[in-house]
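Chains as they are written, first to last, in the working numbering: chain A, 1 to 115; chain B, 1 to 110.
Hints in this document: simulated from the structure, not taken from any laboratory.
Errors might be hidden in some of the hints.
Once the Cα atoms are required to be at most 27 Å apart in a straight line, the calculated DSSO-like pairs of lysine-lysine come out as [as the list claims (entries may be wrong)]:
#1 LYS52(B) / LYS3(B)
#2 LYS78(A) / LYS24(A)
#3 LYS78(A) / LYS3(B)
#4 LYS52(B) / LYS69(B)
#5 LYS68(A) / LYS97(B)
#6 LYS78(A) / LYS52(B)
#7 LYS68(A) / LYS24(A)
#8 LYS97(B) / LYS52(B)
#9 LYS103(A) / LYS78(A)
#10 LYS103(A) / LYS24(A)
#11 LYS52(B) / LYS103(A)
#12 LYS3(B) / LYS69(B)
#13 LYS68(A) / LYS78(A)
#14 LYS52(B) / LYS24(A)
#15 LYS68(A) / LYS103(A)
#16 LYS97(B) / LYS103(A)
#17 LYS3(B) / LYS97(B)
#18 LYS97(B) / LYS69(B)
#19 LYS24(A) / LYS97(B)
From chain A, some residues computed to sit far from chain B (all C-beta separations above 10 Å) [what the hints assert, rightly or not]:
#20 GLN17
#21 THR20
#22 ASN50
#23 ASN52
#24 PRO81
#25 GLY109
#26 SER113
#27 LEU115
Every residue gets a Cβ at the ideal spot worked out from N, C-alpha and C, and that includes glycine.
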Amino acid sequence: DAGVIQSPRHEVTEMGQEVTLRCKPISGHNSLFWYRQTMMRGLELLIYFNNNVPIDDSGMPEDRFSAKMPNASFSTLKIQPSEPRDSAVYFCASSHPGTGDEKLFFGSGTQLSVL
Amino acid sequence: DAKTTQPPSMDCAEGRAANLPCNHSTISGNEYVYWYRQIHSQGPQYIIHGLKNNETNEMASLIITEDRKSSTLILPHATLRDTAVYYCIVRVGGDYKLSFGAGTTVTVRA
Numbered sequence: 001d002a003g004v005i006q007s008p009r010h011e012v013t014e015m016g017q018e019v020t021l022r023c024k025p026i027s028g029h030n031s032l033f034w035y036r037q038t039m040m041r042g043l044e045l046l047i048y049f050n051n052n053v054p055i056d057d058s059g060m061p062e063d064r065f066s067a068k069m070p071n072a073s074f075s076t077l078k079i080q081p082s083e084p085r086d087s088a089v090y091f092c093a094s095s096h097p098g099t100g101d102e103k104l105f106f107g108s109g110t111q112l113s114v115l
Numbered sequence: 001d002a003k004t005t006q007p008p009s010m011d012c013a014e015g016r017a018a019n020l021p022c023n024h025s026t027i028s029g030n031e032y033v034y035w036y037r038q039i040h041s042q043g044p045q046y047i048i049h050g051l052k053n054n055e056t057n058e059m060a061s062l063i064i065t066e067d068r069k070s071s072t073l074i075l076p077h078a079t080l081r082d083t084a085v086y087y088c089i090v091r092v093g094g095d096y097k098l099s100f101g102a103g104t105t106v107t108v109r110a
């Protein structure tokens, strides 16, 4: 298995532009998570999907952020318009719940720089 | 979820065992202890988890005290590639939330 695949690996954009981050979870996993990591705040959970349905989006910072999961093998995190304070590493993770001790598998992340 | 306390950093000699402590004095009976690590520029990686009993896998061993208020992650023979930030997390079984703290930055020196 290739693991969780994220693209792009790096993204540099200008303030005000739309940014779309992509994630392909591990096949068979039905839970998907988006995390953001900054030096100041560490790793923060942004949103959690189960069976393609958003269950908890309380971590999404503001309306400029949106996430979708149109099918079991693809998810996007969109920022529109982007701001410099959105600069961070964004991680996608997936897991296969049902055992009570689920492990999360993380992708390599997208390093976002908003100028 | 119960909070955890870890030392901010520690050094370890290559080839020696690394013992990483974690305090979780408010842990509940249904909360597991998880360990993840994050090597520079990579996503966090699962290491091991346990509820009450000590656990061992190919990566590490987890020792949980009898009262479950603290635990120790043991890397038996540390290598330079084990240099990373190690996170100790407590989480209710079946709960989706995994909350990362600051972790312990472990530096393995040759």
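Hint-by-hint comparison with the structure:
no. : hint                 : result
1   : LYS52(B) / LYS3(B)   : holds (17 Å)
2   : LYS78(A) / LYS24(A)  : holds (15 Å)
3   : LYS78(A) / LYS3(B)   : violated (31 Å)
4   : LYS52(B) / LYS69(B)  : holds (11 Å)
5   : LYS68(A) / LYS97(B)  : holds (19 Å)
6   : LYS78(A) / LYS52(B)  : violated (41 Å)
7   : LYS68(A) / LYS24(A)  : holds (12 Å)
8   : LYS97(B) / LYS52(B)  : holds (20 Å)
9   : LYS103(A) / LYS78(A) : holds (26 Å)
10  : LYS103(A) / LYS24(A) : holds (17 Å)
11  : LYS52(B) / LYS103(A) : holds (17 Å)
12  : LYS3(B) / LYS69(B)   : holds (11 Å)
13  : LYS68(A) / LYS78(A)  : holds (8 Å)
14  : LYS52(B) / LYS24(A)  : violated (34 Å)
15  : LYS68(A) / LYS103(A) : holds (22 Å)
16  : LYS97(B) / LYS103(A) : holds (11 Å)
17  : LYS3(B) / LYS97(B)   : holds (13 Å)
18  : LYS97(B) / LYS69(B)  : holds (20 Å)
19  : LYS24(A) / LYS97(B)  : holds (20 Å)
20  : GLN17                : holds (24 Å)
21  : THR20                : holds (19 Å)
22  : ASN50                : violated (7 Å)
23  : ASN52                : holds (15 Å)
24  : PRO81                : holds (27 Å)
25  : GLY109               : violated (5 Å)
26  : SER113               : holds (14 Å)
27  : LEU115               : holds (21 Å)
The structure shown violates the earlier hints numbered 3, 6, 14, 22 and 25.
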